[in-house]
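Produce the complete structure using the sequences and hints provided.
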Amino acid sequence: MWARRITVRGIGRRLIHIYSLIVAILLVYPTIQLFIVAVSDDIVFPPRYFSLQPFFELGASFLGTIPFSVALGVSTTLVLIALCLPMAYAMERIPFRGRNVMGVAIFLPFILPGVGYMVALGAAYILLFPELIGSFIGVLIPVVIGNLVWMSRAVQGSLATSDASYEDAAVMLGASRLRAFRSITLPQIAPGIAVGSMIVFANSTTAFVAPYFLGRPDSVTATVNIFNELTLRGLDPRVAAQSLLVELVVMSLVLIGYLFSRKRFRGLII
Amino acid sequence: MNVRLPGASIRVEGVTKRFGRVVAVDDVSFDVPAGKFVVLLGPSGSGKTTILRIVAGLETQTSGKIWLGDTDATTVAAHRRGVGYVFQRPSMFPHYTVRENIGWGLKLRRLPRVEIERRVAEMIELVHLDGLEDRYATELSGGQAQRVAIARALAPDPPILLLDEPLSSLDAKLRDQLKDVIAEVQQRTNKTMMMVTHDQREALSLADTVVVLDLGRIAQLGSPTEVYRRPSTPFVASFVGSTNLVRGSVTGVQPDGTLAIRVLGRDVDVPRQDGLAAGDSILLSLRPDDLEVIEERDRDQFPYVFEGRLLDSVFIGDMLRIEVDVNGETLRIHVTGRARFSLLQHHPEIVLIALGELVILPATATGQVPAEL
Amino acid sequence: MEPGDAGSAYGLPSEARAATTPLGRAFPGRALPYLLIAPVAIYLVVIVVGPELIQIFYSFLTREQGVYAYHVVLTPTLASYLEIFQDSELRQSLLWTIASSLVIAIGTVLLGLPVAHYLARGTGRGKLFVEMALLLPLFGDIFIGYALLYAFAPQGIVNWVLVGLGLIQQPLHLIGNPAAAGFAMALPGLSVLLMRSALVRVDTVYEEAAQMLGANPLRAWWSTTFALARVGILGAFLLTFAGATGAYTLPLIIAGGDNPWFGQSLWRVYQFNNLPLASAMSIMMVLLTGGIIYLNIRISGRGSQARRYVG
Numbered sequence: 001m002w003a004r005r006i007t008v009r010g011i012g013r014r015l016i017h018i019y020s021l022i023v024a025i026l027l028v029y030p031t032i033q034l035f036i037v038a039v040s041d042d043i044v045f046p047p048r049y050f051s052l053q054p055f056f057e058l059g060a061s062f063l064g065t066i067p068f069s070v071a072l073g074v075s076t077t078l079v080l081i082a083l084c085l086p087m088a089y090a091m092e093r094i095p096f097r098g099r100n101v102m103g104v105a106i107f108l109p110f111i112l113p114g115v116g117y118m119v120a121l122g123a124a125y126i127l128l129f130p131e132l133i134g135s136f137i138g139v140l141i142p143v144v145i146g147n148l149v150w151m152s153r154a155v156q157g158s159l160a161t162s163d164a165s166y167e168d169a170a171v172m173l174g175a176s177r178l179r180a181f182r183s184i185t186l187p188q189i190a191p192g193i194a195v196g197s198m199i200v201f202a203n204s205t206t207a208f209v210a211p212y213f214l215g216r217p218d219s220v221t222a223t224v225n226i227f228n229e230l231t232l233r234g235l236d237p238r239v240a241a242q243s244l245l246v247e248l249v250v251m252s253l254v255l256i257g258y259l260f261s262r263k264r265f266r267g268l269i270i
Numbered sequence: 271m272n273v274r275l276p277g278a279s280i281r282v283e284g285v286t287k288r289f290g291r292v293v294a295v296d297d298v299s300f301d302v303p304a305g306k307f308v309v310l311l312g313p314s315g316s317g318k319t320t321i322l323r324i325v326a327g328l329e330t331q332t333s334g335k336i337w338l339g340d341t342d343a344t345t346v347a348a349h350r351r352g353v354g355y356v357f358q359r360p361s362m363f364p365h366y367t368v369r370e371n372i373g374w375g376l377k378l379r380r381l382p383r384v385e386i387e388r389r390v391a392e393m394i395e396l397v398h399l400d401g402l403e404d405r406y407a408t409e410l411s412g413g414q415a416q417r418v419a420i421a422r423a424l425a426p427d428p429p430i431l432l433l434d435e436p437l438s439s440l441d442a443k444l445r446d447q448l449k450d451v452i453a454e455v456q457q458r459t460n461k462t463m464m465m466v467t468h469d470q471r472e473a474l475s476l477a478d479t480v481v482v483l484d485l486g487r488i489a490q491l492g493s494p495t496e497v498y499r500r501p502s503t504p505f506v507a508s509f510v511g512s513t514n515l516v517r518g519s520v521t522g523v524q525p526d527g528t529l530a531i532r533v534l535g536r537d538v539d540v541p542r543q544d545g546l547a548a549g550d551s552i553l554l555s556l557r558p559d560d561l562e563v564i565e566e567r568d569r570d571q572f573p574y575v576f577e578g579r580l581l582d583s584v585f586i587g588d589m590l591r592i593e594v595d596v597n598g599e600t601l602r603i604h605v606t607g608r609a610r611f612s613l614l615q616h617h618p619e620i621v622l623i624a625l626g627e628l629v630i631l632p633a634t635a636t637g638q639v640p641a642e643l
Numbered sequence: 644m645e646p647g648d649a650g651s652a653y654g655l656p657s658e659a660r661a662a663t664t665p666l667g668r669a670f671p672g673r674a675l676p677y678l679l680i681a682p683v684a685i686y687l688v689v690i691v692v693g694p695e696l697i698q699i700f701y702s703f704l705t706r707e708q709g710v711y712a713y714h715v716v717l718t719p720t721l722a723s724y725l726e727i728f729q730d731s732e733l734r735q736s737l738l739w740t741i742a743s744s745l746v747i748a749i750g751t752v753l754l755g756l757p758v759a760h761y762l763a764r765g766t767g768r769g770k771l772f773v774e775m776a777l778l779l780p781l782f783g784d785i786f787i788g789y790a791l792l793y794a795f796a797p798q799g800i801v802n803w804v805l806v807g808l809g810l811i812q813q814p815l816h817l818i819g820n821p822a823a824a825g826f827a828m829a830l831p832g833l834s835v836l837l838m839r840s841a842l843v844r845v846d847t848v849y850e851e852a853a854q855m856l857g858a859n860p861l862r863a864w865w866s867t868t869f870a871l872a873r874v875g876i877l878g879a880f881l882l883t884f885a886g887a888t889g890a891y892t893l894p895l896i897i898a899g900g901d902n903p904w905f906g907q908s909l910w911r912v913y914q915f916n917n918l919p920l921a922s923a924m925s926i927m928m929v930l931l932t933g934g935i936i937y938l939n940i941r942i943s944g945r946g947s948q949a950r951r952y953v954g
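Residue numbers (the working numbering), protein chains in the order written: chain A, 1 to 270; chain B, 271 to 643; chain C, 644 to 954.
Each hint should be verified, as a subset may be incorrect.
[What the hints assert, rightly or not] Some, not all, of what chain A presents toward chain C, calculated at C-beta under 10 Å:
no., residue
1, Y29
2, V39
3, V70
4, V74
5, C84
6, M91
7, R93
8, P109
9, Y117
10, T231
11, L232
12, P237
[As the list claims (entries may be wrong)] Computed, partial: chain A to chain C, Cβ under 7 Å:
no., residue
13, I18
14, S20
15, L21
16, V28
17, V37
18, I43
19, P86
20, P113
21, V119
22, F208
23, M251
24, I269
No lab work stands behind these hints, which were simulated from the structure alone.
All residues carry an ideal CB built from backbone N, CA and C; glycine is no exception.
Structure representation (structure tokens):
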């Protein structure tokens, strides 16, 4: 005799399942929206035409921001790796006084409201280093700070879950600590560094607040340029195409990092 | 509520549970009379916990019925079945004290505070948790926390108590203590209890009835003695305690029913057993504790004596575990007692084994001989 | 012959003879950890603490009317801070930001809790899709902002649906509407992941035990899983609240440069070169955000005491 019954538990579970899928679709929809506008060369819904024209008319100013964005992304990532690698090693492998303070301090830029901090930094620039305003370095500096949490959590997390015994074994066999780190531990934590790098690159390439405040027309990221064009030209399908392209490139990176190791990703946020 | 409800019977009827393509429980049926203690015994994957959860309502069966007392509980939701459940993992609510945990089910039923307090005190005494009423889970040992779980499940006075491997997460000493608590609880409350375990010693010592499960099916159902002394399949023989499985054949049946069989290279007569005819192949279960090492001069005192060669012996403190080669078969024997130890010392090569009883597994027994005995 | 030389035909590397830390592992020097964290520490001090100190300093300065323009004078005053509360626009902006952040945070938690629950307890392949979808608001919220402009446009899908369903006659002016920006900010994102980890930590056995004791599934969930995950859920709420008070980008994109958010007001003040006021406002935001985070820390500290660490 079939004993299938619809339990309250079962109904509740189903509803939550369906609701979650709806929310997920809602979150994906904006991307689809951009796509629809971009391939219809029209901002009217429902789409009336089909045209790939917007993709061919992306505009010189937009294309000009791409090298800057990419350079910003790459530099931020490299700088953060250089900064966080030694720090993470100290935090995870060496007990020292002030470790807890350092752990908290890393979160400082995360909780500082972006606008206010840009104003402070801008004021500091004007006061002390006016030549930084509008320069690449001037924008790089706050973007690095903004992404510190991500890289440090990625590297630290990777170190925390790796076994220190391998490195110690190498030392006992005669390698210097640095040599052991380079040849043993570094490959171990490479995946964590990779995931952190993908996130940092995605974030910094599309940084908005810092370049918007401290950049000049020739030193802004693609996302800022998109905003400027929106302000200038209103809702243009070309701008939608620009947004879509940047988003696809950047989010693909993030998604790849996610699919690479879901557990690692979750650990970054907890 | 002062009236103690008598235990209620449980009936499992044709229950099957499929998880995708895996059949966890395969058409299982059995009855548990009111007030009895039944133990579902089996290795992991045998479906025992699944059956328990189906009885509880925590799992929905693919087909089959469950009767609790006179009621068809098949479509009743878990929270309305009114059965107590003790989980394998620590389940004491961490954000409540012992007292609050035990009284939780009663508070749910909106009983007056005085009644709740009285009942909680009763439960605390029942499981010997006096003095620990205001502690939280992290301040208790594993055994104490499980006792809280038992007391909490019993507080609303359910007619049936289900226990899912309650002793598994405890270390050996706590396990024995809790086993005694469970036995005591059953005696004092007379409730119907169904417990799941993979430990045959727990099963044999606590149960009125043992249900041995193998891969979702019932291999044997009977009293502890029956299951141990008269296993019906090779699986039961080797899972409940250890055994030597030996092949033999029936050479003839005499008019009075006595069977002549050939086993271990010798011809012996055994008492009548139905269902067997000349020429049949049989499987015998010889338990290591049923086999004895004897002296030559005592040979005639025993009905079944075999000669073998000592292969190996391991001293385990309270017994000597030896392996003996008898006509090509290797038998494991548990040797206890000083006298026997010295016997082996003097005659290490040729060993005489006496068998108390030859247990022939029924001819209808299904199942392969396990690769490891 | 030194103690370290014995025993090895190949000799011992000098490292092994170096000073050992309390762990007994051979490190070249006690100062190593501090050297390793120095770059980040220095960076933080110079790039974050420094400018913030300057900002604090500026917030107490006076602004005086000069011949052609304002300039700043080194007279300490609380005038800037007071102005935040006295100027009606700024005061309204502050109140609006706090109020809307509360609403947004409540909305996010309510909208996201079922999703968090699904991710924590659900079975099925849909989980992967939902998790990936959550990456979008987490790392690509700007694009969501840009996309919603098209969606909210008079010719966009939202208006098309509303008019089509007969709910409104004329298209709504959603762009430039702060409520629309609020909606975008209330979309579940980080909060879901935070709540998920709070829920995942709670063993399902408690809920089942409560059900066996007679509680219906909803009551069982409320009394056990929710009760034990409460602190984490509150943490997600507070974090979203803190983030929303400091919001700038999304309001700017969707609601425009005259939106009532405090961050936007700050930008406006900064554009008018009123550095002391801008600094005061900025410090105000820091205090607001910091206060909420501090509250969160206190609550989660106390929470784990009261609920006897579920672990």
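Here is what the structure says about each hint:
no.	hint	verdict
1	Y29	holds (8 Å)
2	V39	violated (13 Å)
3	V70	violated (17 Å)
4	V74	violated (17 Å)
5	C84	holds (7 Å)
6	M91	holds (7 Å)
7	R93	holds (8 Å)
8	P109	holds (6 Å)
9	Y117	holds (7 Å)
10	T231	holds (8 Å)
11	L232	violated (13 Å)
12	P237	holds (9 Å)
13	I18	violated (9 Å)
14	S20	holds (4 Å)
15	L21	holds (6 Å)
16	V28	holds (5 Å)
17	V37	holds (5 Å)
18	I43	holds (6 Å)
19	P86	holds (4 Å)
20	P113	holds (3 Å)
21	V119	holds (5 Å)
22	F208	holds (5 Å)
23	M251	holds (5 Å)
24	I269	holds (5 Å)
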